[in-house]
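Novice: The chain contents come next:
Protein chains: 2
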Amino acid sequence: MRYELYYWPEIQGRGEFVRLALEEAGVAYVDVARRPGGTASMLKLLDGGAVDRPPYAPPFLRAGKLLIGQTANILSYLGAQHGLAPAAAAGRLWTQQLQLTIADLVDEAHDTHHPIASSLYYEDQRKEAKRRTADFLANRVPKYLGYFEDVLAHNRAGDKHLVGGRLTYADLSLFQIVAGLRYAFPRATARIERRHPRVVALHERVARRPRIAAYLASKRRIPFNEMGIFRHYPELDR
Amino acid sequence: MRYELYYWPEIQGRGEFVRLALEEAGVAYVDVARRPGGTASMLKLLDGGAVDRPPYAPPFLRAGKLLIGQTANILSYLGAQHGLAPAAAAGRLWTQQLQLTIADLVDEAHDTHHPIASSLYYEDQRKEAKRRTADFLANRVPKYLGYFEDVLAHNRAGDKHLVGGRLTYADLSLFQIVAGLRYAFPRATARIERRHPRVVALHERVARRPRIAAYLASKRRIPFNEMGIFRHYPELDR
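For the protein sequence lines, the chains are X and U, in the order given. Per my numbering, residue 1 is the first one in the first sequence, and the count goes up by one each step. Per my numbering, residue 1 is the first one in the second sequence, and the count goes up by one each step.
Think of the hints as simulated: they come from the structure by calculation, not from any bench. One should not assume that every hint holds.
A pair holds if it fits inside one copy or across any two, identical chains being indistinguishable in the list.
Said to hold, decoys possible - The list that follows gives simulated cross-link-like pairs (lysine to aspartate or glutamate, DMTMM-like), each with its CA atoms no further than 25 Å apart:
id : residue 1 : residue 2
1  : 143       : 107
2  : 143       : 104
3  : 160       : 104
4  : 160       : 52
5  : 127       : 107
6  : 127       : 108
7  : 143       : 10
8  : 143       : 47
9  : 127       : 235
10 : 65        : 159
11 : 44        : 31
12 : 160       : 204
13 : 160       : 23
14 : 130       : 107
15 : 143       : 52
When you get a sec, could you build the whole thing from the sequences and use the hints?
Specialist: Here it is, written out as structure tokens:
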């Protein structure tokens with residue numbers, strides 16, 4: 001079976017968390033919307049009518065007969081299929097709990113540049129974006145990264161992974177968070193991450209994994225840009 | 001086993017989605033923070049140090065040895081334990097997908113009154129709240145409710161439930177969404193919900209379920225107020 005990933009073709013965005021899991025799993029997948037006509041196929045599935053159980057928004061994954069939406073839900077599925085999460089219920093729930101906390105951080109990162117409405121341009125909410133980002137960098141990022149630092153420090157199997165002694169999709173996602181924050185807010189992130197050495201070390205370790213390193217060096221990895229979740233607007237990076 | 005729910009004692013908030021599932025399941029639970037000294041117990045678990053796998057934020061649920069955080073993750077667990085979700089993988093994933101979409105709507109409802117920072121008072125972001133709420137009511141609520149209306153209309157087992165022919169935790173949560181929107185934005189919601197008769201009918205049906213009706217009439221149901229997610233500020237309700 002070849003997976004079909006549906007996500008906006010121009011950005012990393014939320015789809016990137018799924019791409020990283022697919023790449024680390026080493027499974028065959030098509031990034032549908034990056035092929036000719038693919039975006040139209042994706043929009044058709046969103047419209048409703050085409051399927052009984054339409055997703056609300058990308059990303060979504062076709063896995064045989066299943067069409068799975070919501071990033072964390074897709075990762076829960078892939079984690080179980082490809083050993084990217086523990087098999088036991090307790091570890092599975094904990095991995096998903098961490099992923100949902102990462103998803104909250106992703107939502108907040110998005111809203112730094114779109115605090116008023118996704119339907120408006122950044123330029124039409126820049127003043128509000130400055131206020132929101134100041135709080136995000138002063139309070140929210142340190143709280144989230146401090147939390148993940150604590151989780152790593154308290155992991156009885158060692159501080160190399162968020163869950164137990166093996167890589168999970170939550171580690172891949174935390175890698176992406178650090179990458180995104182560094183791109184969007186290089187100055188603030190350099191300052192904040194000094195206090196979270198385990199999070200930074202995890203990021204570096206994930207980046208060196210053979211399949212992830214190959215992916216990051218390939219054209220499959222879309223560069224960060226100012227259409228995605230993590231955007232670099234210098235005026236927001238104090 | 002008696003469950004222990006940890007959530008802020010003054011509000012419905014995100015904890016309410018868990019309370020509704022516990023009530024419908026008819027299981028014994030303690031709403032810990034509503035007991036004397038309970039909030040301190042809750043904060044201690046959040047601090048880290050007390051447990052190896054600390055939650056990032058309330059709500060969280062103690063279920064025997066498990067401490068489960070993140071609303072949708074708690075519901076996934078309770079759904080499997082108490083027949084509030086299908087047993088088969090496809091139905092389980094679909095129920096969770098819907099719940100995560102509801103969670104996105106909850107986040108957006110929160111941000112209507114706190115578009116800049118949770119750490120600031122509403123009064124310090126009222127101007128931004130007006131702009132954000134205008135978009136929320138004009139674009140976002142109709143899109144979300146339209147989506148759930150479509151899901152109900154396309155359900156091959158009938159339009160009485162979101163998933164198959166039986167109640168799931170996603171139905172309970174959609175009930176709560178309608179209740180919250182009606183409280184926070186009575187004028188706008190009255191206008192919007194006319195176009196979503198299946199969603200409204202689902203709300204009414206859930207409210208009439210014996211255990212839910214008994215819960216809603218009890219003191220265990222905390223009234224809506226201006227500390228929770230759904231707040232009624234008349235100036236935001238066009």
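Novice: Taking the hints in turn, state whether each one holds.
Specialist: Do the hints match the structure? See the list:
1. Taking the shortest alpha-carbon separations for residue 143 and residue 107, both the intra-copy value of 15 Å and the inter-copy value of 18 Å come in at or below 25 Å.
2. Within a single copy, residue 143 and residue 104 get their C-alpha atoms as close as 12 Å, and across copies as close as 21 Å, so both meet the 25 Å cut-off.
3. Taking the closest pair of Cα atoms, residue 160 and residue 104 come within 25 Å of each other only inside a single copy of the chain (23 Å); across copies the shortest separation is 31 Å, beyond that limit.
4. In this assembly of identical chains, residue 160 and residue 52 lie within 25 Å of each other by CA distance solely across copies; the values are 15 Å between and 42 Å within a copy.
5. When the C-alpha separation of residue 127 and residue 107 is checked against a cutoff of 25 Å, the pair qualifies both within a copy, at 19 Å, and between copies, at 22 Å.
6. In this assembly of identical chains, the alpha carbons of residue 127 and residue 108 lie at most 25 Å apart whether taken from the same copy (17 Å) or from different copies (20 Å).
7. For the homomeric pair residue 143 and residue 10, the shortest alpha-carbon distance between copies (24 Å) is at most 25 Å, but the shortest distance inside one copy (30 Å) is not.
8. Taking CA atoms no more than 25 Å apart as the test, residue 143 paired with residue 47 passes between copies only; the shortest distance there is 12 Å, against 38 Å inside one copy.
9. Both within a single protomer and between protomers do residue 127 and residue 235 lie at most 25 Å apart by alpha-carbon distance, with minima of 10 Å and 22 Å respectively.
10. Taking the closest pair of Cα atoms, residue 65 and residue 159 come within 25 Å of each other only across two copies (22 Å); inside a single copy the shortest separation is 38 Å, beyond that limit.
11. In this assembly of identical chains, the alpha carbons of residue 44 and residue 31 lie at most 25 Å apart only when taken from the same copy (16 Å versus 44 Å across copies).
12. With identical chains, the CA atoms of residue 160 and residue 204 are at most 25 Å apart within one copy only, with a shortest distance of 11 Å there and 50 Å across copies.
13. In the homo-oligomer, the alpha carbons of residue 160 and residue 23 lie at most 25 Å apart inside one protomer (20 Å), although the nearest pairing across protomers, at 40 Å, exceeds that limit.
14. For the identical chains of this complex, residue 130 and residue 107 are neighbours both inside a copy (16 Å) and across copies (20 Å), given an alpha-carbon limit of 25 Å.
15. Taking the shortest Cα distances, residue 143 and residue 52 sit within 25 Å of each other only across copies (18 Å), while inside one copy they are farther apart (40 Å).
Going down the numbered hints, you'll see the structure goes against none, and every one checks out.
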